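J.: Now for the letters of each chain:
There are 2 protein chains.
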Amino acid sequence: MDEIMEPEEISVGVVGLGLMGSSIVAALLLSGHPVKAVAPLPDELAGASDRILNQIRHAEEADLLSRPLEACLARLTVSGDYGVLHDCRLVLECVTEKIAVKQTVYRKIADAVAGDAVIASNTSAIPISMLQRFVPNPERFMGIHWAEPAYMTRFMEITCGMQTSLERANWAFELAHQWQKEPTLLRKDIRGFVTNRLMYAIYREAFHLVETGAASMDNIDKAFRYDSGSWMTMMGIFRRMDYTGLQDYPEIFRRIFPLLSNSEAVPELMKPLMEKQLRGTQSVQGLYEYTEEEAREWDKAFAVFNKDIFQLAARYPFRTDPRIG
Amino acid sequence: MDEIMEPEEISVGVVGLGLMGSSIVAALLLSGHPVKAVAPLPDELAGASDRILNQIRHAEEADLLSRPLEACLARLTVSGDYGVLHDCRLVLECVTEKIAVKQTVYRKIADAVAGDAVIASNTSAIPISMLQRFVPNPERFMGIHWAEPAYMTRFMEITCGMQTSLERANWAFELAHQWQKEPTLLRKDIRGFVTNRLMYAIYREAFHLVETGAASMDNIDKAFRYDSGSWMTMMGIFRRMDYTGLQDYPEIFRRIFPLLSNSEAVPELMKPLMEKQLRGTQSVQGLYEYTEEEAREWDKAFAVFNKDIFQLAARYPFRTDPRIG
Numbered sequence: 016m017d018e019i020m021e022p023e024e025i026s027v028g029v030v031g032l033g034l035m036g037s038s039i040v041a042a043l044l045l046s047g048h049p050v051k052a053v054a055p056l057p058d059e060l061a062g063a064s065d066r067i068l069n070q071i072r073h074a075e076e077a078d079l080l081s082r083p084l085e086a087c088l089a090r091l092t093v094s095g096d097y098g099v100l101h102d103c104r105l106v107l108e109c110v111t112e113k114i115a116v117k118q119t120v121y122r123k124i125a126d127a128v129a130g131d132a133v134i135a136s137n138t139s140a141i142p143i144s145m146l147q148r149f150v151p152n153p154e155r156f157m158g159i160h161w162a163e164p165a166y167m168t169r170f171m172e173i174t175c176g177m178q179t180s181l182e183r184a185n186w187a188f189e190l191a192h193q194w195q196k197e198p199t200l201l202r203k204d205i206r207g208f209v210t211n212r213l214m215y216a217i218y219r220e221a222f223h224l225v226e227t228g229a230a231s232m233d234n235i236d237k238a239f240r241y242d243s244g245s246w247m248t249m250m251g252i253f254r255r256m257d258y259t260g261l262q263d264y265p266e267i268f269r270r271i272f273p274l275l276s277n278s279e280a281v282p283e284l285m286k287p288l289m290e291k292q293l294r295g296t297q298s299v300q301g302l303y304e305y306t307e308e309e310a311r312e313w314d315k316a317f318a319v320f321n322k323d324i325f326q327l328a329a330r331y332p333f334r335t336d337p338r339i340g
Numbered sequence: 016m017d018e019i020m021e022p023e024e025i026s027v028g029v030v031g032l033g034l035m036g037s038s039i040v041a042a043l044l045l046s047g048h049p050v051k052a053v054a055p056l057p058d059e060l061a062g063a064s065d066r067i068l069n070q071i072r073h074a075e076e077a078d079l080l081s082r083p084l085e086a087c088l089a090r091l092t093v094s095g096d097y098g099v100l101h102d103c104r105l106v107l108e109c110v111t112e113k114i115a116v117k118q119t120v121y122r123k124i125a126d127a128v129a130g131d132a133v134i135a136s137n138t139s140a141i142p143i144s145m146l147q148r149f150v151p152n153p154e155r156f157m158g159i160h161w162a163e164p165a166y167m168t169r170f171m172e173i174t175c176g177m178q179t180s181l182e183r184a185n186w187a188f189e190l191a192h193q194w195q196k197e198p199t200l201l202r203k204d205i206r207g208f209v210t211n212r213l214m215y216a217i218y219r220e221a222f223h224l225v226e227t228g229a230a231s232m233d234n235i236d237k238a239f240r241y242d243s244g245s246w247m248t249m250m251g252i253f254r255r256m257d258y259t260g261l262q263d264y265p266e267i268f269r270r271i272f273p274l275l276s277n278s279e280a281v282p283e284l285m286k287p288l289m290e291k292q293l294r295g296t297q298s299v300q301g302l303y304e305y306t307e308e309e310a311r312e313w314d315k316a317f318a319v320f321n322k323d324i325f326q327l328a329a330r331y332p333f334r335t336d337p338r339i340g
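Respectively, the protein sequence lines represent chains H and Z. Using this note's numbering, the letters of the first sequence map in sequence onto residues 16 to 340. Using this note's numbering, the letters of the second sequence map in sequence onto residues 16 to 340.
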């Protein structure tokens, strides 16, 4: 098996250079890897180098660069040609969440890399067991799911499909620690992954409350920011229950669970937004409305917040065994 | 109707001096109110003054005192006798979540205060419309739900019952701003309130994932801390959807909603804990196990985290109309 080597000795490929992909490129460069960044679409290739540079500058402003900016950039190759992936030990796919597109991308990656390279998807929606059927060495395929911006979040979900080698998954898990992540390793491939399923349980209930007139979107956002937001980053779900003494939960579960939404339908509220192809702050219209200036303010403020919460979270590590489960 | 007066001119009563009640007392003292604190149980009365003093000292360490500690304490009365409530314009009930107990407490409060005093419950589980039947002036009864520690969280949920006067609710809403809160005002009394219902939707799914072997508690906690925790405090639920572009949600809703837990049962995992009456960090055993030292460390760390996240949240106010809904 591969020994863990220094990042400088491990070329990593990234395919798909949108916002997420370019921030993953930045994260890998910051960690010292040579990075081969491939833009499958000509439009994406055009702006890719600028997007990556912007992300690295953002990281620099947040004091996250442990080596000179030039040294990071010197290890970067940006291309439209999959051939640059030839020496990569690991290739991360972060293209759109369409199965047919991913299938084509995997074929091109597999044609370019050595047979023992690991191929990983950033998908948060499609089962790994399904995707790994599209590669010649499925035991070397897994999910490596990042949170944005990739260089300033500690979240990372490594997910095995049915055919993934646990040894390979452990290799990625160890490597993730070199990227300053707090990874989780899921040995079982579930639909929707962990954090997504929990969030979709919230979305389902949140839309239900709005649609039944119980609360406005604004009230829900506010309540969540100031209530759950006041402990989430430190404790998570179960630890919070322990911390608040456990006593009252069973009775409330018994009363509230039967009242929660069990809807299977896409919320009605979403439908007009979809018809108009609204994109939230990116189109200054979504669930809320924005002025151009407000949309820009959200971007700027979130860039600062990222740094604040990243640093705050780092002061409360509370590590326990991360491999269980 | 009452005009909004200075906090110094408004005596506020607090009934129930456990951890939550004593932290509410501290919050009100910090805001300048004369506070009449009533402990209905002799055991609770014994330690109440110490608990309140500890909370105020904690607030002082966090730089939250805008007046001398002695000036705060000079406005405090602690008693086992409801008679001290006689001049209170507002009385906050925060006793145990048992309806029969609350009914007795409301009768004693109503006997002590003037007819135009507002009585409010800190309940997060019992409908306000039900509780307000136990007071002689139900239009002056409402929910005022705090988050702990009350002097260091911005969350506050003000909930009307069916008979609550909106004018009285607005009075409390205005007053809450003097307590440095970001209150929400719910005109409709729903079972489980907003933030609780959303959290119980998460709990239902989180236990489901553990019970089906998809993930460990530890992985769920970690994923939530580092993923949702990286934006929750700034954005809330719907704003986050706008910020991430809206595009992918409907398809994922369609796929994931039918897979989510619709259980109505108290999770099996909770049952042995209940039989053994475990109390989490308070009994060094719960969903997780703790040494005495670890339990103390959680307490200490959370006290510091409270301050950190309170200050962080204050830098990202993004106020919109909080009364809608």
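Calculated directly from the structure, the hints in this document are not laboratory data. Keep in mind the model is a prediction, meaning the values are calculated, not measured. We put the beta carbon where it would ideally sit given N, CA and C, even for glycine. Warning: the hint list may mix true and false statements.
As the list claims (entries may be wrong) - Simulated coverage check for chain H against chain Z, where a stretch passes if three residues somewhere in it have a Cβ under 8 Å from a Cβ of chain Z:
no., stretch
1, 54-63
2, 180-187
3, 193-203
4, 294-304
J.: State for each hint whether it applies.
T.: Against the structure, the hints:
1. 54-63: Violated - the stretch 54-63 of chain H has 0 residues with a Cβ nearer than 8 Å to chain Z, which falls short of three.
2. 180-187: violated (count 0)
3. 193-203: holds (count 5)
4. 294-304: holds (count 7)
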